[in-house]
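So the protein lines, in turn, are chains A and B. So the number in our numbering is just where the residue sits in the first sequence, counting from 1, plus 5. Just so we're aligned: 148 in our numbering is position 164 of the second sequence, and the numbers increase by one with no gaps anywhere.
Quick caveat, the hints were computed from the structure, so don't treat them as lab data. Any given hint could turn out to be false.
[Stated by the list, open to error] Heads up, simulated SDA-like pairs for lysine to any residue below, C-alpha to C-alpha not over 20 Å straight-line:
(1) 111/A <-> 87/A
(2) 112/A <-> 43/B
(3) 112/A <-> 51/B
(4) 112/A <-> 170/A
(5) 111/A <-> 174/B
(6) 112/A <-> 136/A
(7) 111/A <-> 38/B
(8) 111/A <-> 69/B
(9) 111/A <-> 1/B
(10) 111/A <-> 43/B
(11) 111/A <-> 111/B
(12) 111/A <-> 107/B
(13) 1/B <-> 18/B
(14) 1/B <-> 70/B
(15) 112/A <-> 1/B
(16) 111/A <-> 62/A
(17) 112/A <-> 38/B
(18) 112/A <-> 47/B
(19) 111/A <-> 180/A
(20) 111/A <-> 35/A
(21) 1/B <-> 38/B
(22) 111/A <-> 121/A
(23) 112/A <-> 172/A
(24) 112/A <-> 107/B
(25) 111/A <-> 51/B
(26) 112/A <-> 98/B
(27) 111/A <-> 203/A
[To be verified] Short derived list, chain A residues pointing at chain B, Cβ under 7 Å:
(28) 32
(29) 33
(30) 36
(31) 47
(32) 117
(33) 163
(34) 196
[What the hints assert, rightly or not] Among the chain A residues that face chain B by a calculated CB cut under 10 Å, a handful are:
(35) 38
(36) 73
(37) 166
(38) 175
(39) 176
(40) 181
Backbone N, C-alpha and C fix where the C-beta goes; we use that ideal spot for every residue, glycine too.
So you can see what is in the structure, the chains are spelled out below.
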Amino acid sequence: MVREDPRSVRSRSALIEAMAELLDSEASLESLSVTDVVRAAGVSRPTFYQHFGEMSLLVRAAALHRLAGAFADIPEVALGESWTTFVRGTFRGLLLHLQGNVVFYKKALTSGGSQALSEDVIGLLAARLLDVSPLGPILRNRTLVGSPEDRAAFLAAGTFWLVNRWLDSDFTGPDSVAAMVDRISLLLLTAAGVTDDEIAVVRAQTDVGSGGSAQA
Amino acid sequence: MSDSALGASDLRTRRSKAALVRAVGELLDSGDTRPSITNVVALAGTSRPTFYQHFGDVAALQRAAAHEELDLVFAQIDPIDLTGPGWERALQDLMTLVVERIDQRRDFFASVMAGPAAFDVLSDTVAIVADRIIARSPSVAASGSSGSPGSPAAADVSRFLAAGTVWLLLDWVGRAGAEPATESAAEVAFLNTQLLLVGLAFLDAGQTQTLGKALS
């Protein structure tokens, strides 16, 4: 790997940090110009274009940076852990993070070119479902058409969309974090069509083995 | 109201709107993900003030154009009967029609989803598909519209499944541009039908009640 010029790394993070602050503020993205962003970051216009080319790419980078940080903070439960442990552990932390940054994420997710960001988020979610959740082995064991990755993306997209709409809610009653975690839990199981037999198989595998039983 | 009952200015307004929708469609077809107002009005043979009379910005025009495309798709699939036995097969036929139609307009959809209207179009499409799932799937209708304990609310299930389906279709459209011949239209239709059926059929079995407990 080519070692990056530290100055270039610094100017890139300065731009991401400046954009993150602008996303946190009440200012609308439409009213933001490249000039505003480079001024806030203390870099030149050519530097901006060298790193990002256009605003939507910087928005995506800033949002992904913050989200990846949140994902990294959420412990990856062991495969043998129960579904409830996984769902509560993963989605409670994630939803609390999103709720705490609601202005930021709503702006980023509805901005022009947000499709690429949605893809990133769905990709992160799908990987969690497939690689560290108790659903993972079930999705891999299926002999349905399509790949486990397709199945995980389907579930991740459904979850992403519900959470996206949830960001517009008042976060109380059925939209409280605790209630929303339970809704997501039930929807994932329902949409994946998980049966008691499948659960029993995964249980048996994870009780006997020491993890890595996904391909059994 | 028949055309003859409309005043001449109403007719002109309607025609200029249709011309703008057609023009942006052509530009999106050609792979232009961010058509400018200048190019749109030039191609439509209208003026900028006429543009602004109908649409606030190009994203709004793209959204309207995508909506027209969706109306065409649903006009084709809405008459398909899903009530009798063998409805799974009918759903497969329905999905095949959808995928073929999207495939015919793949450059259009890929451009829209790479541009500023992506979020709104995704939002509209998921809402329309979710409405159809609620209206036409007997299993979702029976699954507790009030969201009784242990079973997900019909609104949640329909949105979740709609988002998964729409996402896989749009993702396929977007990917196919970059790497040709990933999956054929028939394969994508089959995959989507199977994933939908798993989610829907499972509700039929009424097993959701026990899931939470079984996995705790």
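Interface hint for residue 32/A, Cβ within 7 Å of any Cβ on chain B: 18 Å, violated
Residue 111/A paired with residue 174/B [C-alpha distance capped at 20 Å]: 34 Å, violated
Restraint satisfaction for residue 176/A [CB to CB of chain B, less than 10 Å]: 16 Å, violated
Status of the residue 166/A interface restraint (C-beta, 10 Å, chain B): The hint holds - residue 166/A has a Cβ within 10 Å of chain B, the shortest such distance being about 3 Å.
Hinted pair residue 111/A and residue 51/B, Cα distance within 20 Å: Judged against 20 Å, a Cα distance of about 23 Å means the pair is violated.
Given hint residue 62/A paired with residue 111/A - CA-CA distance at most 20 Å: 16 Å, holds
Straight-line alpha-carbon gap residue 111/A to residue 203/A, limit 20 Å: Since the Cα atoms of residue 111/A and residue 203/A sit roughly 37 Å apart, the hinted pair is violated (cutoff 20 Å).
Pairwise hint evaluation, residue 38/B against residue 111/A, where the allowed Cα distance is 20 Å at most: Violated, at roughly 27 Å.
Given pair status - residue 107/B, residue 111/A, alpha carbons within 20 Å: Answer holds: residue 111/A to residue 107/B is near 13 Å, not above 20 Å.
Distance restraint between residue 112/A and residue 51/B, which requires alpha-carbon spacing of 20 Å or less: 23 Å, violated
Distance restraint between residue 112/A and residue 47/B, which requires alpha-carbon spacing of 20 Å or less: The hint holds at about 19 Å.
Pair hint residue 111/A and residue 69/B, alpha-carbon separation not exceeding 20 Å: 43 Å, violated
Comparing the model with each earlier hint shows violations of hints 1, 3, 5, 6, 7, 8, 9, 14, 15, 17, 25, 27, 28, 29, 30, 31, 35, 36, 38, 39, 40; every other hint is respected.
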